[in-house]
Every structure is written in structure tokens, then in C-alpha cells.
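Protein chains in written order, with the working numbering: chain G, 1 to 843; chain U, 1 to 231.
Calculated from the structure, these hints are not laboratory results.
Incorrect hints may appear among the rest.
In silico contact screen, one side only, chain U against chain G (beta carbon under 10 Å); selected entries [claimed, not checked]: (1) S50; (2) E59; (3) A82; (4) F84; (5) E113; (6) R156; (7) G161; (8) P229; (9) V230.
As the structure is a prediction and not an experimental result, all values here were calculated from the model.
Beta carbons are placed, not taken as given, at the ideal position from N, Cα and C, and that holds for glycine.
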Amino acid sequence: MNAFVLALRFARRELRSGLSGFRIFFACLVLGVAAIAGVGSLSQAFLTGLSDQGRVILGGDISVGLVHREATAPELAFLKARGHVSEITSMRAMAYAIKNGVEAERQLIELKAVDSAYPLYGSVSIAPKQSLASALACASGTCGALVEQTLLYRLHAKAGGIIRIGTQNFRIAGVLTNEPDRLSGGFALGPHVMVSREGLSRTGLVTLGSLINYTYRVAMPASASIVKFRSDAVAQFPDAGWEINDRSKAAPGLSRFVDELTMFLTLVGLTALAVGGVGASQAVSAFLDRKRSEIATLKSLGATGGFIFLVFLLQVMIIAVAAVVVGLIVGAALPFAVAASYGNSIPIPARYTAYPDALILAALFGLLSAAAFAIPPLARAREIAPASIFRDIASPASARGRWPYLAISAFAALLVLALALVLSPSPVFAVEFLGSVAGGLIVLRLCAAGLRWTLRRLPRPHRPGLRLALANLTRPGAATTGVVVALGLGLTLLTAVTLIDGTISDQVQGDLPQTAPSFFFVDIQPNQTAAFDKIVSRARTATDYKRTPMIRGRITALNGVPSAKAKVASEAKWAISGDRGITYAAALPKGTDIVEGKWWPANYQGPTQISFDEDLAKPMGLKLGDSLTLNVLGREMTGKITSFRNVDFSNGQQNFILILSPGVIDKAPHSFLATVRVAPAEEEPLYRAVTDRFPNISTVRVKDVIGDVNNLIQQLGDGMRLASLITILAGLLVLAGAIAAGNRARLYDSTVLKVLGATRAQIVAIYAMEYGLIGALTGILALGAGTFAARIVAVRVLQVDFSFDWGTAFLTVVGGGAATLLFGLGGAWAALAAKPAQTLRNP
Amino acid sequence: MHSPLIVLENVHLTLASAAGPVNILSGVSLSVDAGETVALLGPSGSGKSSLLMVAAGLEAPTSGRVLISGQDLTRMGEDALARFRRGQIGIVFQSFHLIPTMTALENVAVPLELLGAPDAFDRAKTELEAVGLAARIDHYPSQLSGGEQQRVALARAVAPGPKVLFADEPTGNLDGATGAEVADLLFALHARSRTVLFLVTHEEELAKRCGRLVRLKDGHVVADERVTPVT
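Bound-form chain U, shown alone (with noise of 0.2 Å):
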């Protein structure tokens, strides 16, 4: 029987705010199946990196069910959910979250080390060199140009072969060339290991090159349409 790689089911999250309540999510229901690519789109506030968010685990949703590969993310614990990443799901930031004080290498190879992978460092080098940064494994995120932080977040995403990659403005802050290499990069890792793509942007263009396209405006689907990905 098919079943589906991601499901969220009536998906809702409320935030405090010092106004009161404020609803970021209402009522979202999804599902994405192995190998696909999912772009999210949608206005500034329409809720894009809040799915994202709870998709991931990163937030627990007010109410709804949040599945991947039929474990109930809703169920776990902050703890249990950050072993769960470890192996099944791979981010990356619009602002590429390295960790300063540790070099391309490192950076790479710590989601290997947390999962316990003794040749942590090995497949962190075959990654980088992957992405076009084997010169630069020594050095640190200060000494790298913003394209090549991605490049190395990127690396660090795919390294443990997860089954979802989840992209978050992942060319939001970098010029339109470099933004251009890092999404060719990002898709090409994805035609490799065929994981999930889901990626948030409010670019047309990038989105276009996704298979599925899911439209998001205040805190609601308004709009999800399978499409002929533009290569």
C-alpha cells in the first residue's frame, strides 16, 4: 500500500505575543511522498517557515498530527525528536547557522559524529569535495564567502543522507549569481540521494523547478498543484 513519506493533519499554531494570541497556522494538511520536491510559497508572514518548523520538529504544533515515515512527531519528546533528526532529516538555513568556532570540516562532520559515525570526518571531506569546497575544509565559516557557507550548510544537510531536506530561503542571502550555484547545488544533491525536497522561498523562479508547488496566505493553504519541474 502507498503511503506517504510526510503527512501533517489539521495542522494549527498559536503563538503568544505580547498582543496576545496570535494564530500562525490554521488547520494545514499535507502530505508528501518519498523522492518528491516540494516548494512552499507564500507572502512575508503567511506561515512558510512556521510548516516548515513543525514539519521538521523544530515547534510542536498547538494541535494536529505531524507524521515522517509514520512516527508521530507530536508524540515525542524535545529529546526524542533531536535523535530523530539525526538520521532522517537535513536543514538549511537562510542564514547558514555554521558554527563559528568550527572549521568547513567540522561543521560538516558534526551531524556524523552526533549519530555516532566513526568515519565521521572521511564522509564529511567526500561532501565538501561533493559540493566544490575541498580547499577550503580548513577554514572557517568568518573566512568564507557567503555562497560558500551555504555550500558547506549544504554539505552539512546531505551528510548523513537523511530522507527530507528542508530548505529555508536557502538563496535569501546571497546575490543572484551565487544564489543561482547554490540552488543548482541544491537540486543536484537531491537528484542524487532522492530525498524530500521542501523548500521555502517567495521566488517564482527557484519554486518552478520544484515538482509540487504549495501556496500559503495567512496561515492557510490556498493553492497546491503538482507541475512540470523547469530544469
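This is chain G alone, in the form it adopts within the complex (with noise of 0.2 Å):
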């Protein structure tokens, strides 16, 4: 008979005696696999959705974004030749509440002008129900407009009354409930409002050089090709300097956080799975030693070593299937789970049903790290010699197994790692933070191993108690090497996240607000600066003025290079996928600090010369006296870049990772941004001043921004906890396995400690002096651990200074003893109850 089927119904018969021994291994292989599955679904569920929803998200089959000027009438042309055409205006505004005829509060806003086609897909809902057409309609000098239920709670106003925009009134005629291409609209400093073409050519705020966004949405037949389109588009207009998306990357950003937070997560779900993994190994051991008697019987029999190895690895990876399934049915169901707990509330569309990519996936990773984590124990058990039968000779848990094994037990392992790789969006996240999961398992093991020598060699206290605890902690099978390093990487990685958090919010709750301006002021005319200068000036606290002239334009191509098709490494793609800001300047702008080349001379008025942020230089592939080509109100332009700055984007500055040399550039209309700092108690006088005087310069109060920021990082915070807590849970269960595979120790000790006439009391003192102990320890461990990475990413990834939380330090600590206490106590309690006459007679 065929050894594999031999093999196959000897493990089967093992089976039968159920999952004693493997209630660990099961449990930490279904809660990994099931985080795993369920955050690939739920991902898939939102992409998929997004990309269902793509022409409506975008508005349109293709987009086209223009800024600062509309189509060309060639251009307009070109797109109403390929389908049904509706054109968007949208900038950011300030809008008026007027009451009793003059202006009241007021507030930034998202402009968004609108005309009759819109929306080629999808609805819009309005509260009152009425059509778009006549809420928008303008008549007898007031057009409609439709707002955001914030604008309304923060103008104080309520349907039905008056707003000003520019010059033009507006009649709130309804609140926007549903606005089908909001997705597609990026980050918002305001609620949106609505109006017609007709509305906003009335505000009197489309001039030329405002930051106005022009986005032409297509809907083209069902046969016609998008592919082709781009390719006409680039043909005829190569330097229309457009920014084209379509309906298969309507939310281009979103799917790109949703990837990115994918990522990070089922890096965390890998993380449970590799402490899963050290409480599995733990798992078979224990089951393996307990097998010894029979494993040497078999061979006594005749039984071959590989012929044990395969009986025992086919059970394992049996219970581990099993074990796949219901992670999978949980991680499967997750989905739905969150479609019918939240369903309406998540802004983001979504398809929930089950996604067997995401399945399959999950179930490779649980079955590739069983197998990476048992087969070494399993290794080790072919190695038991038949006349251990007899008497313990060479103990077989000290051999390591053959090398073959091993390889192959490395080799799953690095399939695992391969597999998080290719499939991450971000390689190199990945093997950082996969090297120190590693690094992490390592480091706590030697930490572990450490501790057992030094608690071996410290002097015996004095104290009966104590000194039986400590030698718990370091006899041979104690529970310590699995304490310290199941509950100390899930505790590492929450510490981690927590102080990273912490950073953050401290960065932006703390710093920020000591080096960020009040106020961003933007799209101030040219013939408006003297008399805006003149109203900061008057402000007695205003310090760090600054006013820059400001136009966005698109780089499109590095070194001649198109854009598209430059090798520029994907934590620089944003520089490109967009429009960015662009500033002149002659002379050297105080504090910048230039790494590389030199600034260019006084008055130099020669080909333009470009001065750029020395962050990109690397991964966009750029060195001095490289060109960039810039697309500035649909004229290509080509500039030498002579030096490199450092830009801090933390401190919330005016920051621009372009700055041209005056020449060209300063030529084409524009506009200027202006920052300020007051006191407190000025900057409400300061904003009514500008607000007044110029209804057309958009102020941001950087503390409303910090306010948002602040929310979305304490969100995202929460969800990374939450996420961390799942290698917390996956500890917890190792650390029950460990506990429990010490039990038969326990109650034997306890028996003896009885006969001896200690008290319940005591003994109960011993196991939690012992746990309490290792659990501290091990939380010490931790938050050293936890600490060190998270000073890492701060420092090095984030560029901000490491701020260290006391409350995260403690609760680390107290957290890791605590459970560690509850677990062991629970774990002993049976020893503890068992009547010492039965232990006697059943030793």
C-alpha cells in the first residue's frame, strides 16, 4: 500500500480521539486566517464597490480636469465629438449669511457650479424633494443654491434664507443629502454648496489667475474605448495640460487608502499568525511529547522515521484545514457583518459578498505558516529514538531535526513572505515591517532565554514563596519562553501603535499649532495686495507674514520624459498626478535651507531655473541640471533645476516644492497666498476685516483644519488599536496553550505543597507572584521594544520629534502583568481544587 494513504489512515484514526492538544493550535489558526480573510473581503468589497460606482463617483466615463482656464473651443469640441458632454466649475469660497440685509456669519466653502446635464450618472438628493433645475434657477436678481446641513447649522441659518457668494445672493433653496460625485472631489476645508453655471459667473469671482478647477465629464456610448480617448487626447492636444481619469479609477486617492490600509492590516493579521505560529509550535511540541511513547512503539513496529514525520505532519495539516475553514466562513462573513451593523453610514460604496480571491489568499497564508511553524516540532519527533520506550534517554525535544525539514519549514515561511510582497502595495512597508515581526520573535525569544539565566542565577530569597516562584519561572518546561514572546509581540505592536498615534496627534495638537500660521489666505488679486498688506498690518500681534504669488500647474515631464511614462517611485506619485502650487521668487525666501546647487543670482531674469524639494529628488530619479516641464494655463514650460531645498511640510507653512526663478513664469496671471499668525484674541477681528473688505479671498482658519485632522487621526488611531488587539487576543490564546501545558506540573506541585500543609492562600501567592512577575517583566520588554520601533517610524519615516506617553508606558506594563495573572490564576485554579488524596493515588 502506498505510504501517503498508509499514512493518511493512521492520522485519521489519531483523529478520532478529537482535538485535545490542538485547541490552541485550532483557535490561533482561525483567528488569524479569519483577520486575514475579513479585512481582504471588506477591502474587496469597497474596491469593488468603488469601481461599480466609478462612473458615478467620477460623474462621467472620463473626466477631464483643467485648472485656472476653461476649454479651448477646440478642445470642447473634441470632447462633445466623443459623447454627452457636462462641464463643472468648483473653487473654494466664502459664503455670507445675510440677515436683515447685511452679512453676518460666514464661512469657507466648497463651490462646486453645475449645469443642466449634470449629473450625467447618478442622482442628486435634495431635502425638500424638488428638481435640480428650478432649486439652482436664478430670478429677479437671486439664484438658488443647495448647501450642506453644516453650512446651515454653522451660518445659523436655515432653508429658505439668503446667502451671499461674491457679489450675488443666493436663496438656500434646499440641503444637499446626496451628492453622487462627492467621492471624487478629494479632502473639503468646507461644507459644499451648489449652484448653476449662471449663479457663479454672477459672483463675480471668475477672473483670470483664481484657483478655479474646470472638469468636463463625459459619457460616452458603451461601445467606445477609453483607452483610445486618452491616446486622441494626448495626440491632438499635447499640451492642453489636462488631467484625465476614468470611471475604472473614479476615486483614484480613496482605492489608494483603501489599498494602503489593507495593507497594514493584513500585515497585522500576518503578525497574529506568527504569534498564533509560536503558540502553535508550542502546541505540537506538547502534543508530540505526549505522542513519544507511541511514536517509539510505531517504530519499534517498523515504522520508518519519515513514515512517523508524514502520519503526524497529515494530522496536523488536517486540523489545520479545518481549522482555515472556519476562519474563512468568519472572515467571509465579516462583510456582511459590517453591511448590516453599518451599512448606510459608511460613506464609502460597496459591493458585500463573498470574495474568493481574498479567500483563497487567507487560506494560503494559515496553511503556509501551520506548516512553517509545525514542521520543526514535527521534525523533532522523527527523531525519537524506539528505546525511549524503554527509559528517557537523549531527550528528543533537544534535537533539532534534520536539515531537510528545516528547509522546508524555512521555505513556507518565506513563501508567506513572498505572498505579503508581491500582493503589498507598498514592498518595502512590508519588508520593514515584516523584518521586525521577525527581528521582534527573535529578540524576545533571546530576551526570554536571557531572563531564565539571570533568574537562575540570582541568589535564592529568603522567602519560601518567592523563591518557589522564581523557580517556576526558569524549571524546565516553565511557561516563560511562550509568555514572553506570544503576549510580548502583540503588546510590542500596541505599544508601537499607540505611541506612534500619540506622536502624531501630539505633532498636530501640540507643535503644529506653536509653528502653523492662523490663517491661509487665498486667491488675493494682484490689485488687492497693497490694501490687503494694510489690513494684517493693522493687527498688533501679527507675526511670520507672508504673502507668495501662487498658480497650480502639472508636471508632465521629467527630462523630456512624459510623466506617465518617467520611473519615479510610487511615494513621489503624488507630485505628479496632480496639479501642485507653484511660486517665483528672486531672492532667497527666509529660512530656506538649500541642500544642493546654488539659488540664482540677483535680478536674474535668464531661462526659467527651478528650485525643488531635495524628498523627490531620489525617488522621482532627479539630480542638478535635470528639467522639468511644467503645464501652467495650458503652456508647456521647461525649466533647469539648479538646487535642492529641504521642505518641512510639518510645520503647516506655506511650503512648495517648486519654486521657479522670475523670468516667465511671473508673467502669467496669478494670484497670491497669504499666511499670518496672530494672538487668540485677534484672529476673529482679522477674519471679519478680510472677510469684509475682500468676499473673494478665501480664508482658512488653520484651527478648524487641525480641529479635522486631529478627528480623522483619532479615528484612524482607534482602528489601528482595535487591529493590534487582534495579536493581543491571538498572546492571550498562546499564552492560555502555555499556561495549560504546565497544568499537570501544577497539580502535582500543589499536591505536594499541600501534604507539606501550605494553604490554598499561599499557594495561590506563589502562582501569582510567578505570573504577575513574568507578566511585567514581559510588558517591561515590550514597551522597550514597542518604544524603539516606534521611534523609528517617528524619526525616520515621519521626520517629527518622538514624543513618549507615560499612561502608554504604565498601562503596557500593569496590561501585560494583569493578563498574564488572570490567565495564570484561571489556569491553576483546577490545581489548585483538585483534592491532593486523588492526585496521590493517580499521579
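Using the hints, put the two standalone chains together into the complex.
Here is the structure:
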């Protein structure tokens, strides 16, 4: 009979005794697989939803974006020849509530002007119900406007009230309850307001050089090719400088965010699998230790080592398959659970169904991890000598197992790693994360060994309880290593995530308000600068006032290679994916840090020179002397990079990745951006003064934006902490397993202690000391490792000052100690409750 | 030419221990002919069980040679020894060593299955009937008495028709009456199959049922006498 079939038969017989000894192995695998399958399924649900709703979110099959200028007649004709076109104009503006005929409360808004063709796909919902055309119609000097509910709260206004935008009064016709293309709009600094194109033209805000986005959506016939549209557009209007998006990537930023969040959560799931793997390895070792006599018997009956390995590998993998199936069921159910619990409150469209790809991936991760962690102990079991049936000769646990088996285990682990890397949108991050996890596992194991070594060499305390507690931590088969490694890794991750979150929050709440300006003023027209400067100068506490020319443009080529084809690393893609703010300066602006090259000479008017952000140089493959081509207002201009600057985006001040030499760019119509810092008491008067005088200038209160960003960080931080809890849960399972494995020894110990006269309270005190000590020591280790990891992320990746949070430190150490204590005492309960005579009769 | 079935030549066995190396066997030489019944006697720690392990190929001697049917066991690797044992050697242990997750029938079938016998279960059933356990074939070891477990172990040992049957204190874990039943069965099975019976025991009465008594002390053979078995 085939050895495999025979081994399968033997494995099946073994499995009749149930999951005994494999519960922790099973639970760890279920948890890890369920986490990865759930995250993958949910992510697919969102990405599929975004893709399904692509044309609705984008507002058309194709969207063509221009900044500062409208499409020319030939460009518009090109678009109209390819489908039904809808024209959208959007900008930031100030809205004023008109009360008793005068301007009262005011608020920065995201203004969108739509034509009669809008929306090409999907529908607008308005409360109270009415048609879009009638809601936005203009009559007798007033036009209609639809606003988000938030605006009504902020302006203390009601539907039917009047708001002024620019020079035009609008009647609030209703509340926008659904704007189908909202997700493609990007980060909003204020509530959305929708008006008609005619309404916008009456505001007086549309002037050359104003920061206005013109978007043309095209609904194409089903047979039309998007690829052909793109190639025709580039061929016929190579210098248009337009940004073309299509329905397949309607909200690229959002898709990228979902992708990156998925990657992080998948890596957390893999960490849970790694933590669980430690438990699985221990469970398999303990199981095989119990089977030693059986394995030796089989060998004495003629079974070879290879056959023994196969029998037990099959058993482990059958259990692993069962655990994976349960994990997949739980993971696959997650999208449905989310749909049932949150459904309509999630702002991203989703298609909640089962996603086989995500499930297959999770199954692969689960099975490969199970194999990677189970094979080493199985390989050791293969070496059990048949003579051990008679006496306990050389301990099999100390043998390593033969190298081919260890190589297979390493190969399975490498496959997990490779799979994670291939599927990751950011392989570098994935390598660093998984490398840290692997490093963490090794370091914790070494720490555990060091801890045992040290404890063994400590002088024996006089108190018998403490002496016994210390001895318990170092005796053979003690749970010390398991607890330190399993719980330590989860606590390390939680500490790192919490400290990073705290550092970012501190940056936003603490450091940023110290350095950031109070206001950003956008779209100051050249003829307004003198009057604007005067108003600001009246503020007594005004400091760091900075007014800079600004124009938006796109980087269209790097050294003559079109941006789309240029080799640009993913972390720098944002710089070429849309329009960016560009400024010019004759003299080196104050505080500018040139790290390479030279600033242009004073009064320079020659060919355009560029001072570029040094952080982008490497990922974009740029060096001094290279050229960049920019498209500004539909015209291409090429300049040479003559210097690289250190641009610090973390201070919240004006920052431009591109500063150009004057001579060409300053001739283009442009507006100014200003920032100023004033004392809190002067914020409101300055806000009023500017907005009273200049209705066209958009005024952004930095305090409000910081509040919004902080909320977002808080929510993300909460989510990541929740995800880290999965690894803690895996760690606790392993902890429970490690403690359960020592229960027989506990039972014997407590029996002997009782026989010698110890009370149950005394025995509990010994266990409490033992588990509390190891838990707290694990907490301290995790705190050290987590702080180290968080510090690296803060200083190297986020480039901010690391801030240590004593609360987190305290919680980690106490939490680690408490969890271990709780599980330890829970596990020892049976030992305490057992009657000594019973144990002595059946040792 | 006459050639013995088992030959042990100057066998030494030294094991490592925390207190230093321990000499278990010190130059044991022995040869056993086909069909012989040999009782290995000696006080605790004399090396009886170790000699059985070495002879059965369960443990490699530190030096010396062990031959069964002319094949040198000391030249074989662990897997080769396992394959050799399949058809040649049957072992009965003091603690039975049945596999707790398998029924009596499955336990007896294991060596036959490993041997690749297509009729493993039929033969296993026959052997169980022969030891009087026809009604217990689907019982697990935990559902059997000690005597019944040892009878299953006996059936398992003889099922593949080995040339040598090693028994290590087969009645050591049983009460007197049950031990006597198992001993009767052991010798009955030997009489049926005419295998070599290599019996480790400290019971003189049981040893006297063998045709040869080998006495061990401190790892040396101190006496080797052929006697008339007591039936």
C-alpha cells in the first residue's frame, strides 16, 4: 500500500480522539485566517463598490480636469464629439449669511457650479424634494443654491434664507443629502455648496488667475474605448495640461487609501498568525511529547522516521485545514456583518459579497504558516529513538531535526513573506514590517532565554513563596518563553501603534499650533495686495506674515520623458499625479534651506531655473541640471533644476515643492497666497476684517483644519489599535496554551505543597508572584521594543520629534502583568481545587 | 553448516548521564538458535532490558556486533532497522504500549499494514481470536483490562510471523492469575510458531518454562545454562 495512503489512514485513526491538545493551535489559526480573510473581503467589497460605482463617483466615463482655465473651443469640440458632456466649475469661496440685509456669519465653502446636464450618472438628492434645475434657477437677481446641512449649522441659517457668495445673493433652496460625485472631489476644507453656472458667473469670483478647477465629464457610448480617448486626447492636444481620469479609477486617492489600509491590516493579521504560530509550535511540541511513547512503539513495530513524520504532519495539516475553513467562514461573513451593522453610515460604496480571491489568499497564508511553525517540532519527533520506550534517554526536544525538514519549514515561511510582498502596494513597508516582526520574535526569544538565565543565577530569596515562584519560572518546561514571546509581540505592536498615534496627535495638537499660521488666505488678486497688506498690518499681534505669488500647474515631463512614462517611485507619485502650487521668487526666501546647488543670482531674468524639494529628488530620479516641464494655464514651460531645498511639510506653513526663477512664470496671470499668525484674541477681528473687505478671498482657519485632521487621526488611531488587539488576542491564546501545558506539573506541585501544609491562599500567592512577575517583565520588554520601533517610525519615516507617553508605558506593563496573572491563576484553579489524595493515588 | 539465528559478539553499551558515562553492557556475547526459548534473568540494573533493546535493534551498541539471520544490525541505519523489524521481530512490552487511539483490531493490524499485507485486518482478526479476544476487537485500549491489553500486544507481536519474539517482563504489570494466563498464551504461541522466544524476566518460575537460562549481573553474562523446560 502506498505509504501516503497508509499514513493518512493512521492519521485519521489518531484524529478520532478529537482536537485534544490542538485547541490553541486551532484557535490561533482561526483567528489569523479570519482576520486576513475578513480584511481582504471587506477591502474587496469597498474596491469593487468603488469600481462598480466608478462612473457615478467620477460623474462620467471620463473626466477631464483643468485648473485656472476653461477648455478651448477645439478642446470642447473634441470632448463633445466623443459623448454627452457636462461642465463643472469648482473653487473655494466664502459664503456669508445675509441677515437683515447685512452680512452676518461667514464660512469657507467648497463651491461647485453645475450645468443642466449634471449629473450624467446617478442622482442628486435634495431635501425638501424638488428638481435640481428648479432648485438652482436664477430669477429676479437671486439664484438658488443647495447646501450641506453643516453650512446651515455654522451660519445659523435655514432653508429659504439668503447667503452671499462673491457679489451674488443666493436663496438656500434646500439641503444636499446626496451628491453622487462627492467622493471624487478630494479633501474638503468646508461644506459643499452647489449653484448653477449662471449663478457662479454672477458672483464676480471668476477672474483670470483665480484658483478655479474646470471639469468636463463625458458620458460615452458603451462601445467607446477609454484607451482610445486617452491616446487621441494626448495626440491632438499634447500641451493641454489636462488631467484625465476614467471610471476605472474614479477615486484614486480613496482606492489607494483602502489599498494601504488593507496592507497594514493584512500585516497585522500576519503578525497574529506569527504569534499564533509560536503557540502552534508549542502545541505541536507538547502534543508530540505526549505521543512519544506511541511514536517509539510505532518505530519498534517497523515504522520509519519518515513515515512517523508523515502521519503526524497529516494530522496537523488536517486540523489546520479545518481551522482555515472556520477562519474563512468567519472572514467571509465580515462584509455581511459590516453591511448589517453599519450599512448606510459608511460613506464609501461597497458590494458586500463573498470574495474568493481574498479567501484563497487567507487560506494560503494560514496553511503555509501552519506548515512553517509545525514542521520543526515534527522533524524533532521524527528523531525519537525507539529505545525511549524503555527509558528516557537523550531528550528528543533538544534535537533540531534534520535539515531538509527545516529547509521546508523555512521555505513555507519565505513563501508567506513573498506572497505578502508581491501583494503589497508598498513592498518596502511590508519588508520592514515583517522584518521587524521576525526580528521582534527573535529578540523576544533571546530575551526570554536571557531572563531565565538571569533568574537562575539570582541569589535564592529567603521567602519560600518567592523562592518557589522564581524556581517555577526557570524550571524545565516553564511557560516563561511562551509568555514572553507570544504576549510580548502583541504588546510590542500595541505599544508601537499607540506611541506613533500619540506622537502624531502631539504634533497636530501641540507642536503644529506652535508653528503653524493662524490663517491661510487664498486667491488674493494682484490689485488687492496693497489693501490686504494694510489690513494685516493693523493687527497688533501679527507675526510671520508671508504673502507669496501662487499659480497651479502640473509636472508633465521629467527630462523630456512624459510623467506617465517616467520612472517615479510610488511614494513620490503624488507630485506628478495632479496640479501643484508653484511660486516664484527673485531672492532666496527667508528660512529656505538649500541642501544642494545654488540659488539664482539677484535680478536673474534668464531661462527658467527651478529649486526643487530634495525629498522628491531620489524617488523621481532627479539630480542637478535635470529638466522639468510644467504645464501652466495650458502652456508648457521647461526649466532646469539648479538647487534642491529641504521642504518641511510638518510645520504647517507655506511650502512649495517648486520655486521658479522670475522671468517667465511671473508674466502669467496669478494670485497670491498669504499666511499670518496672530494672537487668539485677534483671530476673529482679522477674519472679519478680511472677509468683510474681500469676499473673493478664501480664508482658511488653520485651527478648524487641525481639528478636522485630528479627528481623522483619532479615528485611524482607534482602528489601528483595534487591529493590534487581534495580535494581543492571539498572544493571550498562546499564553493560555502555555499555561495549560504546565497544568499537570501545577497539579503535582500544589498537591505536594498541600501535603506539606501549605494553605490554598499561600499557593495562590506563589502563583500570583510567578505570573505577575513574568507578565510585568514581558510588559517592560514590550515597552522597550515598542518604544524603539515607534521612535524609528517617528524620526525616520514621519520625520517628527518622538513623544513618549507615560500613560501608554504604564498600561503596557500593568496590562501585560494583569493579563498573565489572570490567565495564569485561571489555569491554576483546577490544580488548587484538586483533592491531594486523588492526585496521589493517580499521579 | 549450523548457523545460529541471533548472534551477539562482545557487545558493549555505554550511556551518557548527568553524572558521567554509565557502562550498561560490558562485553556480552551470546548466540541463540532457531526455535530456542531463552530467559534473561538478573537483578534490577543488571542490563537485561538494555540487552533486549540491543538485540532487537532498538538501540545501537557502543561496540560489538549484533546479527539476526546473518544480517549485521549494527551496520544498519535507523530506518533500515525499522524495515528489518517489520517481518523479523515481534516485541511484547511490560507496559503493553498499545496505541490508545486505535482499536484492538487496528493495533494488531499496524505491523501488518506497515508490512504492506493486503489482508492485514483479516489476519489481525484471526490473531485476536487466537488470544481469545474475538469479542473485543472494536474496543479501545482504555476499555480493556490489563490482561486483555497484554493479549492484544501478544497478538500484535506475533501477527506478522516474526522469527524472533522479544518479551520484556510481559507479566510484570499484571496480577498473578492474569500474569499466568498471559504466560500460558505466550508459550502456546511460541509452540505454534516455533519462533525464538527471548524473554526478559525476574520471575524464576516463568524463566523455568524456557529451555535456556542466561543470567546477567552488572552488564556481564554470569551464567548460561540449558535446562529442561517446566511445562
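Now for the hints, and whether the structure bears them out:
1. For S50(U), the suggested interface contact is upheld, since its CB lies about 8 Å from the closest CB of chain G, less than 10 Å.
2. Checking E59(U) against chain G by beta carbon gives a least distance of about 4 Å; that is within 10 Å, so the hint holds.
3. With its C-beta approaching chain G no nearer than about 5 Å, A82(U) sits inside the 10 Å limit, and its interface hint holds.
4. For the restraint placing F84(U) at the interface with chain G, the shortest Cβ-Cβ distance is roughly 8 Å, inside the 10 Å limit, so the hint holds.
5. Contact between E113(U) and chain G, as hinted, is supported at the beta carbon level, the nearest pair being about 6 Å apart and thus within 10 Å.
6. Residue-level restraint check for R156(U) holds (minimum Cβ-Cβ distance to chain G is 7 Å; threshold 10 Å).
7. At about 13 Å, the closest approach between the beta carbon of G161(U) and any beta carbon in chain G exceeds 10 Å, and the interface hint on this residue is violated.
8. Evaluation of the P229(U) hint against chain G yields a violated restraint, the C-beta minimum of about 27 Å exceeding 10 Å.
9. A hinted interface residue such as V230(U) counts as satisfied when its beta carbon comes closer than 10 Å to some beta carbon of chain G; here the least separation is about 28 Å, so the hint is violated.
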